[in-house]
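Trainee: For reference, the chains in residue letters:
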Amino acid sequence: EDKVVQSPLSLVVHEGDTVTLNCSYEVTNFRSLLWYKQEKKAPTFLFMLTSSGIEKKSGRLSSILDKKELSSILNITATQTGDSAIYLCAHQETSGSRLTFGEGTQLTVNP
Amino acid sequence: AAGVIQSPRHLIKEKRETATLKCYPIPRHDTVYWYQQGPGQDPQFLISFYEKMQSDKGSIPDRFSAQQFSDYHSELNMSSLELGDSALYFCASSRSGNIQYFGAGTRLSVL
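Protein sequence lines correspond, in order, to chains A and B.
This note's numbering applies: residue 2 is where the first sequence begins, and numbers increase by one.
This note's numbering applies: residue 58 is where the second sequence begins, and numbers increase by one.
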């Protein structure tokens, strides 16, 4: 059974700090890993990572896949209170298939 | 840009009642997915449809059924509701098996 594990489960930082969220996976067939941000509503898409290993960036957020370590990290620099959310990592085995989510990391950014 | 539309946003039902949740995918998206998220848990895959045919089935109870219609909208029908069915139900859509975009969810409370 595919497994996605995120760490830490929760994290409290101050505005301006840099954070690194981790996601490791044990899956039969790897196609892609996705990161989502969930506030009090729907998960919103952040990044999709494939075995190409290319780093993805969007503003203060960046993410990269480590094929060798079967893991991914999500970095957020110069955090803001608006970054407070649950960050979900999910594996997708094939095109069009279900997402298998990790437990999520609850990030709290205090002013 | 148009997003995934779910209705209703909130639903309160009694035990043993039935409920119908609706999902309208992003225009030109051909695949719809349903997920259930219990309190403090990650989303769990229920079922998906591609071009109006069921494409994958997860941990969906036999009391639940779903379908995708000719206009690509989907409905999740839930019968004999139990207290444990109380959760946030998300619908997501994708085009050609790519990134899944989520709706705002339907919060179902079973009393």
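Hints should not be assumed to be uniformly reliable.
Calculated lysine-lysine pairs in the DSS-like style (CA-CA distance at most 27 Å, straight line) [to be verified]: (1) A/42 - B/70; (2) A/42 - B/72; (3) A/38 - B/72; (4) B/114 - A/42.
Quick caveat, the hints were computed from the structure, so don't treat them as lab data.
Quick caveat, the model's predicted, so the values are computed rather than measured.
Trainee: The structure should be examined with respect to each hint, and the outcome stated for every one.
Mentor: For each hint, the structure was consulted:
For the suggested pair residue 42 of chain A and residue 70 of chain B, the alpha carbons sit about 21 Å apart, so the restraint of at most 27 Å is met. Distance restraint check for residue 42 of chain A and residue 72 of chain B: the Cα-Cα separation of roughly 25 Å lies within the 27 Å cut-off, and the hinted pair is therefore satisfied. With a C-alpha separation of about 33 Å, the suggested pair residue 38 of chain A and residue 72 of chain B falls outside the 27 Å cut-off, and the hint is violated. Restraint check for residue 114 of chain B and residue 42 of chain A: satisfied, since their Cα atoms lie roughly 24 Å apart, inside the 27 Å limit.
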